[in-house]
Amino acid sequence: MAVELDVFVGNTTIMDEEVYKLWLDGYTVNDAVKVRMEGGVMEECEASADVLLSDTMDQYRTFQMCERLLHSPAKLANQLLFQITPHRQAVLIERYYAFDDAFVREVLGKKLSKGTKKDLDDISAKTSVTLKSCRRQFDNFKRVFKVVEELKGPLVENIRQHFLLSDKLGRDYAAIVFFANNRFETGKRKLQYLTFQDFAFCAGQLINNWTVGAVDHMVEDMDVDLDKEFLQELKELKILITDKDLLDQHKSLVCTALRGKTKAFNEMEANFKNLSRGLVNIAAKLTNTKDVRDFFIDLVEKFIEPCRSDRWTAADMRLYLTHYTNSAHILDTFKHQVVWDRYMGVIKSCIFKMYHD
Amino acid sequence: MPGKLKAKIVAGRHLPVMDRASDLTDAFVEVKFGNTTFKTDVFPKSLNPQWNSEWFKFEVDDEDLQDEPLQVTVLDHDTYSANDAIGKVYIDIDPLLCTEAASVISGWFPIYDTIHGIRGEINVLVKVELFNDLNRFRQSSCGVKFFCTTSIPRCYRAAMVHGFVEELVVNEDPEYQWIDRIRTPRASNEARQRLISLMSGELQRKIGLKVLEMGGNAVVGYLQCFDLEGESGLVVRAIGTACTLDKLSSGSAPNTNTHTHPNTAPASNACNSPSKDGKESPLAHGCRSTHNSPVHSACNSQRLSQNFSVSVPTLIFTGMGSGGSVGKEAGPLKTLLRQQTQTALEQREFPFFTLTSFPPGFLVHVGGVVSARSVKLLDRIHNPALGNTRSYKLLDWNSVTADEPETRDAWWEEIRQEIKSHAKALGCHAVVGYSESTSICEEVCILSASGTASILNPRFMREGCLDIGIADHRFEEPSPPSCGFCHIPYDELNMPFPAQLTYCYHCRRQKVPDVLFTTIDLPSEASVTGKGCLIQARLCRLKKKAQGEVNATAISNMLPFMEYELHTQLMNKLKLRSMNALFGLHIQISVGENMLLGLASATGVYLTALPAPGGIQIAGKTPGDLSNDHISTIQKRINDTIAKNKELYQINPPKLFALDPEVFCGINMELNEELVGSPIPEPRHRSRLFRSHSESSDEVSELDLSHGKKDAFVLEIDDTDAVEDIHSLLIDAPPPSGFYSCNTEVMPGINTWTSGVQMFTSVRVFRLSNANLTNQGLNKIFTDLCENLLKSFYFKLRSMIPCCLCHLNFTVAVPEDELIQVAVTAVAMTFDKDQTQEKPAEKPITKGSGDTEEQLQFSMELCADSSLANSQPPSKISGVPESSNISSRAASVDYGSFADRCSTWLELLRLKAHTIRRGSVKTISSLERSSPLPDGRSRSLRSTRSFGGTSVTVVKMTPLSFLPGTRIIKYLGIINMFFIRETTSLREEGGVSGFLHSFIAEVFAMVRAHVAALGGNAVVSYSMKECVFMENPNKNQAQCLINVSGDAVICVRESDPEATPSMTNSAQSCSSETDTAT
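If you're matching them up, the sequences are chains A and B in order. Under this note's numbering, the first residue of the first sequence carries the number 817, and numbering increases by one thereafter. Under this note's numbering, the first residue of the second sequence carries the number 1014, and numbering increases by one thereafter.
Be aware that a few hints might be false.
Stretches of chain B that chain A covers, calculated by requiring three or more beta carbons in the stretch to come under 8 Å of a beta carbon on chain A [as the list claims (entries may be wrong)]:
| no. | segment |
| --- | --- |
| 1 | 1773-1779 |
| 2 | 1808-1820 |
| 3 | 2011-2018 |
Here are the simulated SDA-like cross-link-like pairs (lysine to any residue), alpha carbons at most 20 Å apart as the crow flies [unchecked claim]:
| no. | chain 1 | residue 1 | chain 2 | residue 2 |
| --- | --- | --- | --- | --- |
| 4 | A | Lys-891 | B | Gln-1063 |
| 5 | A | Lys-1106 | A | Thr-946 |
| 6 | B | Lys-2048 | B | Glu-2015 |
| 7 | B | Lys-1793 | A | Ala-865 |
| 8 | A | Lys-962 | B | Ser-1035 |
| 9 | A | Lys-837 | A | Thr-946 |
| 10 | A | Lys-933 | A | Leu-947 |
| 11 | A | Lys-891 | B | Glu-2015 |
| 12 | B | Lys-1558 | B | Gln-1789 |
| 13 | A | Lys-1169 | A | Thr-1138 |
| 14 | B | Lys-1793 | A | Met-1160 |
| 15 | A | Lys-948 | B | Gly-2003 |
| 16 | B | Lys-1219 | B | Gln-1063 |
| 17 | A | Lys-891 | B | His-1129 |
| 18 | A | Lys-1060 | A | Lys-1089 |
| 19 | A | Lys-891 | A | Lys-933 |
| 20 | B | Lys-1793 | A | Glu-820 |
| 21 | B | Lys-2048 | A | Glu-820 |
| 22 | B | Lys-1558 | B | Asn-1607 |
| 23 | B | Lys-1793 | A | Ser-864 |
| 24 | A | Lys-1118 | A | Val-1162 |
| 25 | B | Lys-1793 | B | Glu-1578 |
| 26 | B | Lys-1793 | A | Val-819 |
| 27 | B | Lys-1846 | B | Ser-1750 |
| 28 | A | Lys-927 | A | Lys-1004 |
| 29 | B | Lys-1017 | B | Asp-1074 |
| 30 | A | Lys-948 | B | Glu-2001 |
| 31 | A | Lys-1054 | A | Lys-958 |
| 32 | B | Lys-1657 | A | Glu-1001 |
| 33 | A | Lys-891 | B | Val-1030 |
| 34 | B | Lys-1219 | B | Asp-1074 |
| 35 | A | Lys-1151 | A | His-1139 |
| 36 | A | Lys-1060 | A | Thr-1149 |
So the derived list for chain B, only partly shown, Cβ under 7 Å to chain A, looks like this [as the list claims (entries may be wrong)]:
| no. | residue |
| --- | --- |
| 37 | Pro-1123 |
| 38 | Leu-1143 |
| 39 | Asn-1665 |
| 40 | Pro-1749 |
No wet-lab data here; the hints were simulated from the structure. Just so you know, even glycine gets a beta-carbon here, dropped at the ideal spot from N, CA and C.
The whole structure should be built from the sequences, with the hints applied where relevant.
Structure follows, in structure tokens:
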């Protein structure tokens, strides 16, 4: 004796946000029922476990049927099968494309390929995000990546238009796409302390300032690829460290400005040349794809770690980098002010963001 | 050549990939009407083709226009092999034939395939030019309006109610034709869909002709059903009530019509359905006599020589004083009235009305429920060629089917006669709330009809003298209107059945019965104490498997007992809730191979005019049979339940201690010392077990029992079954706090509806284990199934609390040996708790979906089509249909596959990104459209994103005849759709549940799309009349047939001023409306 068939279809599609969350999180129907029972929803309406099971199955079915539409969210608005309010549609889409920080941190910068997908079970075990949910998130990344890849125009805007995501989520996806495209290394142990939001912020900086799109608004891949010309020009900055006079002059300008303003002054003075070499070398090497990938690790190794071991405060960092950047303008033999600003603007904000425990 | 049909294929979107190599489709469209077919060009390599075809013109007879649907087939062009069909759209053009309904059909239709379901959408534009046809002998009946609504439609006035119309057509079921062996399931399903569509058209046309003959212009309460008789054919039959309707001045005077009824609140308008009362006691008595009566077998027709048919009149028995009672009238007034009515009604063969709700004054008295059932054997004799060698049937369809309708007609005629005579026995001349149904299992078919015997006001039948629509018109009623319908129509000295009469508690002048059962809605004027509730009686009876005559006889022998038990259950449950009347009673008996299922649903209420119901008393048959303790425990539980229910349903009738003794003298009763309404006294062991009595007449009922006449309520307590029965009585859980439920239009006692509406359909199939089941076990399973369904509804809809489930319509079936199927369609409606006195215990739960309802206001659009309005203002503003095409085309470009991306699209998107206030909800009146959106409506979350360029019109659906808080300004025509869905990959589609879930969702989507294309924004009186589900999990196959119907309407919010042409939702309908207006 069993209920063989059990369906409930509303003219307006009924969706319970709690169940949607459980579905997205990859719970099986039975697990979801357990969670709901513990959540006390049964008392709310004198329901029994059977009722809860039936409701959960119905909802899961509905979500499965909607999933196809969620893959191209624009369809959700003009499909006829489900009558869903616009607000509800927005919630469905936003939640579907939401991801776990723990998960994205594992995948960030990796190639969104079949190979990575095979590793998802490891990631699932490591992050304790269910495999099903990992797959969904990974597929979302991949889908967004594929669609946006060949589009012209601003990356964030493209993502938002195609996937009808909120501004915040659109930016996050832009970061994911950008990292995946440039294959930035984020998995090294030294980078473990950085959160996804740190990287997402840096990605935003890079996209806005270092890509082709920063100068030309109608190029393909404009926000995904770094501006090659700019990277080439970065080599010119080497003069700051190779020209001894310039280096000394720069140092003395910075030290003059910093003196008395910070407790870490001595360390700054002592380390100036090292740090300056570190930053300029990063810039000069960015023409190599390999070095682009190591951009973040380089920043940490060459700059953040030395400063941290010298116990600079965040304010020290801010002070130092500001003067370091500005002083270069006063160097009369240094002719690459524009490139310098474009470079240091991003470096500054990235380091500010990344300089924490 | 009285009509020209024009169709234009505009575009497609979301088409499936038909060419795996390119992931694209080369689509073209065939448009077929009758035998004429046109084709569009192939639109290569696109999933969002833009055909933008010329106008295809069909010059046709209006007869064909009525019968045939326009058939649009989308195909994938294939150079080397046969073109693959993507799917079809059938468009019923009937609404275009009526000048008052829609003038253009335009919109996106889901492309439907019976194997794959919905596969993309197609934008089609259809128009009809009708020429005047003065031919008197014409076969068409264009212009007759059809309404599923079982009351006078809201924006009309009934100038005259002509009466019953019926028709049936019979054909062979294509599924059983020899050719079905060699054609694909798809071809077979399509043949069936098309045939039924044709038959429905033909049926409607024929009924229309009858209406014209009667001088009417509309059919109200149109009920069309299919009987899938298997090899013996396919019957499409319909009944309805012919009326002459006058349109009220285009919704402009809502205050005079809709609102001036005695109950003016919009919500209470909903209650306007008058209802009839039936008596239960007649039933009980009737059952007895039916039981005694021999089964008559009839083998009349020569063609049917092998046929055996049994007819069993079940419900009301009529033996006593039928006919004769008419002579002895209670008063001269009644006699007069009766004579008038008689003359008006007797001209009709069947004075039946499918309406369940009436204009004030229409219904004078209500007698009780009358019903008749008949068991028939479907014979194969009709189609001899089908007999042994069922292939190779060479008979012409017409010749085969020629006299089949007559056989079926005769069957129904027989039943209707029976109903008519039952009504007569109750002293009534008319039957209202009339409906017919069948249940078929193999070759056995149970035909059922039921209605409420009543006396109607003759004015409504006579030519030209009535003015129903005008509210302040008052008839001189023989009794105060609020209780008049309760007064008995029959002669108290010559009652057709034993009943306890008292003087009306309202007017104290006329006699009323102690209990009333009716099939109609509660009349608006009725005064009710407390709230009502859904009452169901459920019954399962095992039956031996048998064939042919034996089977039919066995079934017909069981019917009276089932009917009897169902009524006993109903009566007991009614008393348990301390109520005294049932409305909307619907009894369904469904036959399976090895069991019969009975389900009776009704809405119980406490009619103030009727006496308070007695309690329920338990007693052993003889003292000592069972311990007194046991009995008193049960008695206590029952008394507690009654007390609890009284509180729950707020039944606090005014206590009438000082009843006129005359009341009791009238029926020779001794006035007992007990107070009215007092709980039951001590259990009395000498009375038989389980009975109900009216409180004031303990002694009398006792007497009755001793006569053995009221054994309806007697169960043997020493029998464990009896104990079970009592337990099952107590099982029915009341709805959780915050919920009410009823199966009538609206809940008696609630009239503060708010706008939240959620229509739903739920289907459950239960597989019985093959263990040896007893009747008791089966009953328990069946009861639990129904109860659990209700519990599920309450749980799912908890976010709508406080809310009421209205029009709960249960349908049961026994699709296979061990399966029980229950399908329910109902609507949940929110109401304002503050205005009804609620118990403090109820706490409203406000959760996310609360705002769902808020935002699905009928007049709002799902999508930000403001984007279109903004980015393409000219197309919106001009009312030319073409302009709407432009906009929809543009939109379809937007949302096509990404493969179609192009820079122009991006430009468009970008443009929109700046102009749209995305996702905001907006109302659709043209006034508001041009005005800036109210800021409160657009949420920050949504305000930054786009939901696309096209709008999908929100279409509300409800089984009721109205939507709360809205006013219907136009009826666009009847929606009557039949779909078949089949799969050979059941597991892949999510099993049976997944399959049916998506099919029902698809059906809803197709109904909504058709309504939107007609320019409507709601379906009222929606019902799912058929849901036949068959599965074969071993073969991974399933098939389902669904038939739905309803009235497409345009409604506006009550508060909105006037209907403006652009009141409709979609751009297309805007244009259509403009056309109408000009």
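Pair hint B/Lys-1219 and B/Asp-1074, alpha-carbon separation not exceeding 20 Å: It holds: about 15 Å lies between the C-alpha atoms, which stays within 20 Å.
Restraint status (C-alpha distance of B/Lys-1793 to A/Glu-820 at most 20 Å): It holds: about 17 Å lies between the C-alpha atoms, which stays within 20 Å.
Agreement of A/Lys-837 and A/Thr-946 with the hint, judged by alpha carbon distance not exceeding 20 Å: Holds, at roughly 13 Å.
When the least beta-carbon distance from B/Pro-1749 to chain A is tested against 7 Å, hint result: 4 Å, holds
Hinted pair A/Lys-948 and B/Glu-2001, Cα distance within 20 Å: 19 Å, holds
Distance restraint between B/Lys-1793 and A/Met-1160, which requires alpha-carbon spacing of 20 Å or less: 79 Å, violated
20 Å limit on alpha-carbon distance, applied to hinted pair A/Lys-1054 and A/Lys-958: Violated: A/Lys-1054 and A/Lys-958 sit about 38 Å apart, past 20 Å.
Given hint B/His-1129 paired with A/Lys-891 - CA-CA distance at most 20 Å: 19 Å, holds
Hinted pair B/Lys-1793 and A/Val-819, Cα distance within 20 Å: The hint holds at about 14 Å.
Pair hint outcome, B/Lys-1793 versus B/Glu-1578 [Cα-Cα no greater than 20 Å]: At roughly 15 Å apart (the allowed maximum being 20 Å), B/Glu-1578 and B/Lys-1793 satisfy the hint.
Hint consistency between A/Lys-933 and A/Leu-947 [alpha-carbon to alpha-carbon, up to 20 Å]: This hinted pair holds, its Cα atoms lying about 10 Å apart.
Holds or violated: A/Lys-1151 to A/His-1139, with C-alpha atoms at most 20 Å apart: 18 Å, holds
Hints 5, 6, 14, 16, 19, 31, 32, 38, 39, counting from the list given before, are not met by this structure.
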